[in-house]
Amino acid sequence: MRELAYYEAKFEALREVLAADERVHLIGGTFLSLSPHRKLFQEIAERYPDRVAAPPISELAFSGLATGAAMAGLRPIVDFSTGSFIFEAWPQVVNEAANAFYMSGGQTRAPVVFHLFHGLRGGGAAQHSASPQAMLWNCPGLEIVLPASPRDVKGLLKTAVQSDNPTLFVDHVQLLETRGPVPEKDEAIPFGVADVKRRGADITVIATSYMVQRSLAVAERLAGEGIDVEIVDPRTLVPLDFPTLMASVEKTGRVVIVDETHQSCGVAAELAARIAEAGFDRLKAPLRRVATLDVPVPYSEPLEDFIAPSETRIAEAVRAAVR
Amino acid sequence: MRELAYYEAKFEALREVLAADERVHLIGGTFLSLSPHRKLFQEIAERYPDRVAAPPISELAFSGLATGAAMAGLRPIVDFSTGSFIFEAWPQVVNEAANAFYMSGGQTRAPVVFHLFHGLRGGGAAQHSASPQAMLWNCPGLEIVLPASPRDVKGLLKTAVQSDNPTLFVDHVQLLETRGPVPEKDEAIPFGVADVKRRGADITVIATSYMVQRSLAVAERLAGEGIDVEIVDPRTLVPLDFPTLMASVEKTGRVVIVDETHQSCGVAAELAARIAEAGFDRLKAPLRRVATLDVPVPYSEPLEDFIAPSETRIAEAVRAAVR
Amino acid sequence: MLLIRHFEERLIALHDDGAFRGHYHAYIGQEATGVPALCSLAADDYIFTTHRNHGHLLARGADPGRLFAEILGRRDGYNKGKGGSFHSAAAALGFLHTSGVVAGILPLATGAAYASKALKNRRVTLCCFGDGALEEGAAPEALNLASLWKLPVLFLCENNGKYGAGRASGSSQSASMAAYPLTDLPRAYKIPAREIDGADANAVYATVSEAVEEVRGGAGPRFIEAQTVRWPGSETNWPTVPAPTNVSLAWDVNFVPDNAREWYRLSDPLLIFIRELIEGRHATREEIARLEHEVKDQIEAAARFALASPYPDPEEALKDVFAS
Amino acid sequence: MLLIRHFEERLIALHDDGAFRGHYHAYIGQEATGVPALCSLAADDYIFTTHRNHGHLLARGADPGRLFAEILGRRDGYNKGKGGSFHSAAAALGFLHTSGVVAGILPLATGAAYASKALKNRRVTLCCFGDGALEEGAAPEALNLASLWKLPVLFLCENNGKYGAGRASGSSQSASMAAYPLTDLPRAYKIPAREIDGADANAVYATVSEAVEEVRGGAGPRFIEAQTVRWPGSETNWPTVPAPTNVSLAWDVNFVPDNAREWYRLSDPLLIFIRELIEGRHATREEIARLEHEVKDQIEAAARFALASPYPDPEEALKDVFAS
Ligand SMILES: Cc1ncc(C[n+]2csc(CCOP(=O)(O)OP(=O)(O)O)c2C)c(N)n1
Ligand SMILES: Cc1ncc(C[n+]2csc(CCOP(=O)(O)OP(=O)(O)O)c2C)c(N)n1
Ligand SMILES: [Mg+2]
Ligand SMILES: [Mg+2]
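Chains as they are written, first to last, in this note's numbering: chain A, 1 to 323; chain B, 1001 to 1323; chain C, 2001 to 2324; chain D, 3001 to 3324.
These aren't lab readings, by the way, just hints derived from the structure by calculation. Model, not experiment: these values are computed from the prediction. Any given hint might turn out to be false.
Said to hold, decoys possible - Cross-link-like lysine to aspartate or glutamate pairs, in silico, EDC-like; alpha carbons within 20 Å at most:
1) D:LYS3190 <-> C:GLU2195
2) A:LYS284 <-> B:ASP1050
3) C:LYS2190 <-> D:GLU3195
4) D:LYS3319 <-> A:GLU301
5) B:LYS1039 <-> B:GLU1022
6) C:LYS2150 <-> A:GLU301
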């Protein structure tokens, strides 16, 4: 299978969804973040001048605009660029879009995609490093997607656009250069299907987004120490493929959850709670979480590295769990 | 000790903090919700015309105004009334107030209190029934207070005003009529001290806010069935008195966590995760959560009751855990 | 207008009988704005409204029985009982989403207009909201977008003067708004704006119809502020009827308690309209009395329908979270 | 102004040398706004600023060494390295909180003014933000509050024309704002507003000083839009210097690449000011050249200080989450 860089796969998906469906509009345009590749986006902006809008700095209104447009027949993809800026749009995302279908008794669908880059980008400091997906998982009515590989970003973006529900497409800048196999033919990846990114016998690492790649690197190192790590990527939090996660946990009897949201009420907390409820007697060792420490994100590099779910912290957690 | 209604104790606290400290200002005035008692507030509004402001419907600006005023020497208490409306203010609460002290390297304090009523109030439907405290716990830098009794609401409000940090005062309308003992003398209750609301030997129920009162009712019923329930109320999530919670769990070996935030990434998820990490081998049965089911809040009464952490669901969870 | 008035008065009675929970908002006093405004629209246009929506749905021909049922949380409600008074929506009538969040609909309505422009379907979106909505940042943000992108949306600000629950009282503009006249705000964003008397049904019809056609023609957004005097019965979140409406009030307000008489005598848009009909010889007192009689029967039947409608099964709570 | 210019040019060099990560924003091109504006304030007044804050801190007398250190994430930074370029604050100088969230400071500055009014300490709060901030709903909400409550805050909108990263280009107003002139917005909220040339140091000083005294006197909020032409070096999130500044550019721009020459010849506020000084016989070319020499030495020393400052201990990350 051909190999692509993550940003190429994502860009290909954008091109294909725009070509495939006239109802797809883009509100905002930093889908490739501020990376040098962002120039690629010019091609799209020029080819679809009427379907690519550059909104004012009004996240609240343009996310609501996209949601209203979705209710009235379009399939907009809204870009918040830095994940922290979805906070400006919070009332529209969690109190309008998430509730629209339910509150109307199933009358009105809001097939809008909210795109953002979450997490520690290196020097983003407290206000530009948010990972809002944990807060969003606490809000029923939103689908949440976390791509972690070139293949996933393409396949999941396709499914996000086809979904009839408001969908959070939660990306990570650190993934853009990752290379990996991507099938030639258009291959949408269904929501709610976890992916075993690495097979292993000794311990299960459940990882999301960029933490999947980081965990893979750690797994290679630990293989040298004789620890055989299995890495499972849920790929979507809502819907969640818990059976696949649990099957791996039951197989290995040990689990470390690696996720970049802050620890308290974070994504790792929910996964840990579900495992504790279901797998209580299947565990050979206490489950462990490796999340971003519960402090605002500091600017200075050594400080940011210290609070991050770093390779060091992941490796320590795994070693402790197999000991 | 004298007995007061919850709303009386809360009102007394408001009067006392206003009298004690000139820097205390109130931005907004539905501290007693829309209950008939709200007229009591008129007394305060008339006595302190310059310290009680009725802001426009601008949650984002007036919460930011209060935060800025706190940075510049006041101790404002902001009222969002219905908890869902704090979403309008999200960028100011989670990206400004929460980060101010840290981001400035300890230069600037923001001693502001954000007051709101969370949860299922009966007919609030999807947009007026939010319990934002789980999302807020995922945001480091905020203190989170959940009073559950007349004594607690008075003592915790005093401490909230004295705190040098942004503090979420998360109240519940269903508590307003609750009666209980309240000491005559001014008695502030320190943050980070859990309260055993009922002693019991068979099982620990960790409950928050209004769920404390509901769990107490269930405990009485279950006593009749020979189940002796201990009820522990953390009272503040940040800071959290985990040792007291864990001590009870280790004593009984069984735990049910009852909380009204939605289940996924909710408050119960974090408590469950911490117990699973720490108490893995101390549990005689799987831990259980009783939270609001993961659907938007429906308007119709039987539907709202169905998704709530009801007495029925609490009792079932406890019975299952002791079985 | 008669239908709306009697619907709301009956609803208040239902609430006082404990037929449903929570607070709610009546459209009484604004009938002469909502009815002609909604009548100015085409069949497939969109309407977004707020917590004070009953009058808009009824003016568009909504079934009072199903609307009662929704507010009572019953299975036959437009939203299957999941929405309630704040969220009554009827997609078939163009009401896609009704929000109880102040100003929440301004961006959404602007978005529906964005879709209509993209799909070139010539639909107009009418966005009905209160004066308080302009205090929320969502409003100016939406006005800016609508203006920049010339979107086919008509903003109808129903300025009912003073908001009852705990807001300071004020004159015709919102008590908490520095921008006065309110239309200075849309004008700042280069949106043509007009102020009209919301109690003058003919003026409302003329102005809104004209604006709707301008918007449909591609002229971009328009803004209309319809000013009404707040109905004395809505001074709290739980409306109370000072004097049950009866068309004879149009010529005799002696039954109205003193503290409220002023409004019924001078400001009640329904009574003003009735007097116009009679003075203009368009109808006689008898005809109007007969009409009121029919309307009351219709409302009674609707209430009976709603009260007879069963509650949804509890498990219904788990459905409609996600589509398909 | 010279200090700011050379600070920013040195900072760009430091970034190109990999001395710090992430994108950042230079104040080049706005010196004639920030310097006189900050000089109009009293010692204990408050200032709230944005992602483009370096010039404001330096104009207020901040130590360039500590500011470099902050941006490099070092222990001696004003925020102990926890804030970085977007959040440089110096409480001792009146900078309580610097936000990188567009428009985030408008409510906060309004709040500091609320406190000053309550505490009757006669402090003025200066709120410096960009034209883009007016696109956020936080801005009109804050303008409304400041106006309603007559708060002692001066809103200084630095309209540098066009935002580099991915925004459509525009004329002097923001490309994404229907309200034009921008001052129509504060005026709608009844806030007296003026537009001035942000490259004219004398005009800025006169206008801001006057406004500060009106605000201090209790007249309520004021709004000033200072218009500048965007520096060509800031067309991306990573500024690049078309031509290293050297006062001789004031009279000879031949070293400037053609594509940028226009700006240096006509719009560079620093060079405009230098030409004024010389033409007005306030200083000679030699004096200014000497001054520039000293400034460059000062900046070099500051950079050395910052580069020599150690990084904080990693555990420092766990401190300052909560006060007390
Ligand atoms: C974001 C938000 N804040 C506060 C409220 C509470 N609230 C409900 S109605 C209302 C007043 C709205 O006034 P207006 O928009 O003029 O509508 P009216 O009730 O006068 O028709 C308020 C503040 C709300 N629903 N949403
Ligand atoms: C809420 C929010 N949205 C988006 C951004 C990304 N952003 C950073 S600077 C900027 C442009 C701001 O323009 P302006 O206010 O005119 O300031 P300038 O950079 O021109 O000085 C944007 C959109 C942000 N920081 N905050
Ligand atoms: Mg109103
Ligand atoms: Mg700008």
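Outcome of the hint check:
Only pairs whose Cα atoms come within 20 Å are accepted, and D:LYS3190 paired with C:GLU2195 is accepted, the gap being roughly 19 Å. In summary, the hint linking A:LYS284 to B:ASP1050 is not supported, as the alpha carbons are separated by about 63 Å, beyond the 20 Å threshold. Restraint check for C:LYS2190 and D:GLU3195: the C-alpha separation of about 19 Å stays at or below 20 Å, so the hint holds. For the proposed pair D:LYS3319 and A:GLU301, the alpha carbon gap of about 15 Å is at most 20 Å, so the pair holds.
Under the criterion of a C-alpha separation no larger than 20 Å, the hint pairing B:LYS1039 with B:GLU1022 is inconsistent with the structure, at around 23 Å. Distance check on the hinted pair: C:LYS2150 and A:GLU301 sit about 46 Å apart at the alpha-carbon level, beyond 20 Å; violated.
This entry does not satisfy hints 2, 5, 6, going by the numbered hints stated previously.
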